[in-house]
Amino acid sequence: MRSEGAIARMNFRHLEFLLHETLTGIRRNALMSLAAISTIAVSLFLLGSLRLAIVNLEEMAGALCGRFEMRVFLKMHLAADKRDDLGKQIAAMPGVKECQLVRKEEAWPELCHRLQGTVEISDLGGVNPLPDAFTVHVEDLEQMGALADRIRVLPGVDEVTDTRVAAQRMAAIVRAIRLGGTIAVAILAVVAMVIVNNTIRLTVHARRREINIMQLVGATNACVRTPFLLEGAFHGMAGALGALLLLAVGYSYLHEEVRNVVPFLELIPPSAELLWAQGPALLGAGVGLGLLASLLAVRRYLHG
Amino acid sequence: MAECAWGWTAMIDFQNVSVAYSNGVQALSDIDLHFEKGEFVFLVGPTGTGKSTLLKLIYRGVLPNKGRVTVMGEDVTTLPPSRVPHLRRRLGVVFQDFQLLPQKTVYENVAYALHAIGVPYREIRRRVCTAVDLVGLGRRADAYPSQLSGGEQQRCCIARAIVNNPPILLADEPTGNLDPEMSQGIAQLLNDIHIRGTTVVVASHDRAVVNALRKRVITLERGRVVRDEVGGGYSPDEFQTP
Chain A
1 MRSEGAIARM NFRHLEFLLH ETLTGIRRNA LMSLAAISTI AVSLFLLGSL
51 RLAIVNLEEM AGALCGRFEM RVFLKMHLAA DKRDDLGKQI AAMPGVKECQ
101 LVRKEEAWPE LCHRLQGTVE ISDLGGVNPL PDAFTVHVED LEQMGALADR
151 IRVLPGVDEV TDTRVAAQRM AAIVRAIRLG GTIAVAILAV VAMVIVNNTI
201 RLTVHARRRE INIMQLVGAT NACVRTPFLL EGAFHGMAGA LGALLLLAVG
251 YSYLHEEVRN VVPFLELIPP SAELLWAQGP ALLGAGVGLG LLASLLAVRR
301 YLHG
Chain B
1 MAECAWGWTA MIDFQNVSVA YSNGVQALSD IDLHFEKGEF VFLVGPTGTG
51 KSTLLKLIYR GVLPNKGRVT VMGEDVTTLP PSRVPHLRRR LGVVFQDFQL
101 LPQKTVYENV AYALHAIGVP YREIRRRVCT AVDLVGLGRR ADAYPSQLSG
151 GEQQRCCIAR AIVNNPPILL ADEPTGNLDP EMSQGIAQLL NDIHIRGTTV
201 VVASHDRAVV NALRKRVITL ERGRVVRDEV GGGYSPDEFQ TP
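Chains as they are written, first to last, in our numbering: chain A, 1 to 304; chain B, 1 to 242.
A couple of the hints might just be wrong.
SDA-like mimics (lysine to any residue), calculated; alpha carbons at most 25 angstroms apart, straight line [what the hints assert, rightly or not]:
1) B:Lys-104 <-> A:His-205
2) B:Lys-104 <-> A:Thr-22
3) B:Lys-104 <-> B:Asp-228
4) B:Lys-56 <-> A:Arg-208
5) B:Lys-104 <-> A:Arg-208
6) B:Lys-104 <-> A:Arg-28
7) B:Lys-56 <-> A:Met-32
8) A:Lys-75 <-> A:Glu-16
9) B:Lys-66 <-> B:Leu-189
10) B:Lys-104 <-> A:Arg-175
11) B:Lys-56 <-> A:Leu-229
12) B:Lys-56 <-> A:His-205
13) B:Lys-56 <-> B:Lys-66
14) B:Lys-56 <-> A:Glu-16
15) B:Lys-104 <-> A:Lys-97
16) B:Lys-104 <-> A:Pro-131
17) B:Lys-104 <-> A:Arg-152
18) B:Lys-104 <-> A:Gln-143
19) B:Lys-104 <-> A:Gly-87
20) B:Lys-104 <-> A:Ile-211
21) B:Lys-56 <-> A:Leu-15
22) B:Lys-66 <-> B:Lys-104
23) B:Lys-56 <-> A:Thr-24
24) B:Lys-56 <-> A:Pro-131
25) A:Lys-97 <-> A:Thr-22
26) B:Lys-104 <-> A:Phe-17
27) B:Lys-104 <-> A:Leu-15
28) B:Lys-104 <-> A:Leu-202
29) A:Lys-97 <-> A:Cys-112
30) A:Lys-75 <-> A:Lys-97
31) B:Lys-104 <-> B:Gly-67
32) B:Lys-104 <-> A:Leu-31
33) B:Lys-104 <-> A:Lys-75
34) B:Lys-104 <-> A:Thr-24
35) B:Lys-104 <-> A:Val-157
36) B:Lys-37 <-> B:Arg-89
37) B:Lys-56 <-> A:Arg-27
38) B:Lys-104 <-> A:Arg-201
None of these hints come from the bench; they were simulated from the model. Quick caveat, the model's predicted, so the values are computed rather than measured.
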């Protein structure tokens, strides 16, 4: 029983020895370690991108679904009395809670304000390109589609933006991206695991003499394996940190570009919190992947 | 376990042991042997006769297909894998090819064994210095294996094997790679270790070494014991040494 206690103490006391062995392994296979770390970084970067894309799309879909309203754009230059009649007609429809007129004179400065700095408004020569519109609030989201169809055929109506359909489309896009992304990430994760597995195998091979000696002098299996597991975990952690860095730089750049090119697409602004939220998932995935890959490599080569 | 194990008279006990390798080679057949505490035993015979396999059975490098191997009162054949390290901490093993780590010095090579089993640093220093002095490498402790002669490398390997003060020392062809003069030095060193109370088992086909020490000699031939003689020698006409 005394020896069991000695082993338990050993693990703690000899962390330094085990860490030293781990570093020796990484140093000896520096190039393969780099390959393993880069592959993990790329896979985790993809995982992080996928998560950010889904967060963004869900935010957009949520914003759309949350609004129980649709926009009814009227034909250009529709007479004011006809416009008011139309408003009353819509307001009287069953399922309509409220019908609010949005005058083009009001809508234009608001849009100008929103687009400020991104689109050169003076290009339009001071002409207001917007038609009058109604904002129609509905009582039930389920009725929105049918109601939109009925309003769309009324005389004087040019276009109805039915956010329910848009929300459904958005949900479909989120589903597709989630599925496609998950498959891509899974494939890359397998590739990363194969590479980490190979790196650890090379380390095990390069250090077979040390392993042999350790086993012969009575080092426990845990003691023999720990440096290799630590090495795998290190690959995973370094890869995850690399992926986080890539994400931080990449997302800031993307956000800036999207704001310039497609201003109406509102991405969540890049912030430390947004990236921190990805941290635990990426680090967990990286370390887990590294550990699993090295565990498989070590199990196969250090049997008994 | 170690304390009570000293109460056993048979340090190492083989009962009806047979070993066949997966490639069909019958390495050992029906071996019945008893090595007493503090004995010095030579296993002799031509190459491929089962000497190394017999040593491997003691440190659980191989498992027998049949029979029982008991080391210090512990049945090695039924030992769970998690207990194997504990067995090996009470054995020292010396190889023909030394098995030293080329990028570590003599001191570091010997200390490595103790680091690997979790001995405290201060204790390591004391034990390594004692072991290195005992094998006569005190002045060469900072040399790398490549800077040592074959005899010195083997001394380093022996220092590593005895640094843990094991009750049993196993040596597999310890003089196989050495010239006769160095071989005698190693034989003398093994005898010195034996005199300090260690049970020593040496597999060898070095006639000069076996004949110089006049210990118990067990001759193996095609996996069977054909001679077991205390104070025996190894006559030139006994085998054709490859």
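Do the hints match the structure? See the list:
1. Note on Lys-104 (chain B) and His-205 (chain A): the hinted pairing holds, with a Cα-Cα distance of about 18 angstroms set against a maximum of 25 angstroms.
2. Restraint check for Lys-104 (chain B) and Thr-22 (chain A): satisfied, since their Cα atoms lie roughly 16 angstroms apart, inside the 25 angstroms limit.
3. Between Lys-104 (chain B) and Asp-228 (chain B), the direct Cα distance comes to roughly 41 angstroms. Violation of the 25 angstroms bound is thereby established for this hinted pair.
4. Taking the CA atoms of Lys-56 (chain B) and Arg-208 (chain A), the gap is near 18 angstroms; set against the 25 angstroms cutoff, the hint holds.
5. Distance check on the hinted pair: Lys-104 (chain B) and Arg-208 (chain A) sit about 15 angstroms apart at the alpha-carbon level, within 25 angstroms; holds.
6. Restraint check for Lys-104 (chain B) and Arg-28 (chain A): satisfied, since their Cα atoms lie roughly 15 angstroms apart, inside the 25 angstroms limit.
7. With a CA separation close to 35 angstroms, the supplied pair Lys-56 (chain B) and Met-32 (chain A) exceeds the 25 angstroms bound.
8. Under the criterion of a C-alpha separation no larger than 25 angstroms, the hint pairing Lys-75 (chain A) with Glu-16 (chain A) is inconsistent with the structure, at around 78 angstroms.
9. For the proposed pair Lys-66 (chain B) and Leu-189 (chain B), the alpha carbon gap of about 35 angstroms is over 25 angstroms, so the pair is violated.
10. A distance of roughly 57 angstroms separates the Cα atoms of Lys-104 (chain B) and Arg-175 (chain A); the hinted pair therefore is violated under the 25 angstroms criterion.
11. For the given pair, Lys-56 (chain B) sits about 29 angstroms from Leu-229 (chain A) by alpha-carbon distance, which is inconsistent with the 25 angstroms threshold.
12. For the hint linking Lys-56 (chain B) to His-205 (chain A), the alpha-carbon distance of about 22 angstroms falls within 25 angstroms, and the restraint holds.
13. The straight-line distance between the Cα atoms of Lys-56 (chain B) and Lys-66 (chain B) is roughly 15 angstroms, inside the 25 angstroms bound, and the hint therefore holds.
14. The straight-line distance between the Cα atoms of Lys-56 (chain B) and Glu-16 (chain A) is roughly 32 angstroms, outside the 25 angstroms bound, and the hint therefore fails.
15. Simply put, Lys-104 (chain B) and Lys-97 (chain A) have alpha-carbon atoms about 84 angstroms apart, too far for the 25 angstroms limit, and the pair is violated.
16. Proposed proximity of Lys-104 (chain B) and Pro-131 (chain A) is contradicted: the alpha carbons are some 84 angstroms apart, above 25 angstroms.
17. For the given pair, Lys-104 (chain B) sits about 85 angstroms from Arg-152 (chain A) by alpha-carbon distance, which is inconsistent with the 25 angstroms threshold.
18. For the given pair, Lys-104 (chain B) sits about 80 angstroms from Gln-143 (chain A) by alpha-carbon distance, which is inconsistent with the 25 angstroms threshold.
19. A distance of roughly 90 angstroms separates the Cα atoms of Lys-104 (chain B) and Gly-87 (chain A); the hinted pair therefore is violated under the 25 angstroms criterion.
20. A distance of roughly 15 angstroms separates the Cα atoms of Lys-104 (chain B) and Ile-211 (chain A); the hinted pair therefore holds under the 25 angstroms criterion.
21. As the CA atoms of Lys-56 (chain B) and Leu-15 (chain A) are separated by approximately 31 angstroms, the hinted pair breaks the 25 angstroms bound.
22. Of the pairs offered as hints, the one joining Lys-66 (chain B) and Lys-104 (chain B) is violated, with about 41 angstroms between alpha carbons and a cut-off of 25 angstroms exceeded.
23. For a cut-off of 25 angstroms, the pair hint linking Lys-56 (chain B) to Thr-24 (chain A) is broken: about 30 angstroms separates their Cα positions.
24. For a cut-off of 25 angstroms, the pair hint linking Lys-56 (chain B) to Pro-131 (chain A) is broken: about 93 angstroms separates their Cα positions.
25. Between Lys-97 (chain A) and Thr-22 (chain A), the direct Cα distance comes to roughly 69 angstroms. Violation of the 25 angstroms bound is thereby established for this hinted pair.
26. Taking the CA atoms of Lys-104 (chain B) and Phe-17 (chain A), the gap is near 14 angstroms; set against the 25 angstroms cutoff, the hint holds.
27. About 20 angstroms separates the Cα atoms of Lys-104 (chain B) and Leu-15 (chain A), which keeps this hinted pair within 25 angstroms; it holds.
28. At roughly 20 angstroms between alpha-carbon atoms, Lys-104 (chain B) and Leu-202 (chain A) fall within 25 angstroms of each other, so this suggested pair holds.
29. Between Lys-97 (chain A) and Cys-112 (chain A) the alpha-carbon distance is near 29 angstroms, which puts this suggested pair outside the 25 angstroms criterion.
30. Distance restraint check for Lys-75 (chain A) and Lys-97 (chain A): the Cα-Cα separation of roughly 23 angstroms lies within the 25 angstroms cut-off, and the hinted pair is therefore satisfied.
31. This hinted pair does not check out: Lys-104 (chain B) and Gly-67 (chain B) have alpha carbons roughly 40 angstroms apart, beyond 25 angstroms.
32. Note on Lys-104 (chain B) and Leu-31 (chain A): the hinted pairing holds, with a Cα-Cα distance of about 23 angstroms set against a maximum of 25 angstroms.
33. With a C-alpha separation of about 88 angstroms, the suggested pair Lys-104 (chain B) and Lys-75 (chain A) falls outside the 25 angstroms cut-off, and the hint is violated.
34. Restraint check: the Cα-Cα separation between Lys-104 (chain B) and Thr-24 (chain A) comes to about 12 angstroms, which is no more than 25 angstroms; the hinted pair holds.
35. A C-alpha spacing of about 87 angstroms is found between Lys-104 (chain B) and Val-157 (chain A), which places the hinted pair above 25 angstroms, so the restraint is violated.
36. Distance check on the hinted pair: Lys-37 (chain B) and Arg-89 (chain B) sit about 17 angstroms apart at the alpha-carbon level, within 25 angstroms; holds.
37. Between the alpha carbons of Lys-56 (chain B) and Arg-27 (chain A) the distance comes to roughly 34 angstroms, so the proposed pair goes past 25 angstroms and is violated.
38. Pair hint Lys-104 (chain B) plus Arg-201 (chain A) holds up; C-alpha atoms about 23 angstroms apart against a cutoff of 25 angstroms.
When held up to the earlier numbered hints, the structure conflicts with 3, 7, 8, 9, 10, 11, 14, 15, 16, 17, 18, 19, 21, 22, 23, 24, 25, 29, 31, 33, 35, 37 and fits the remainder.
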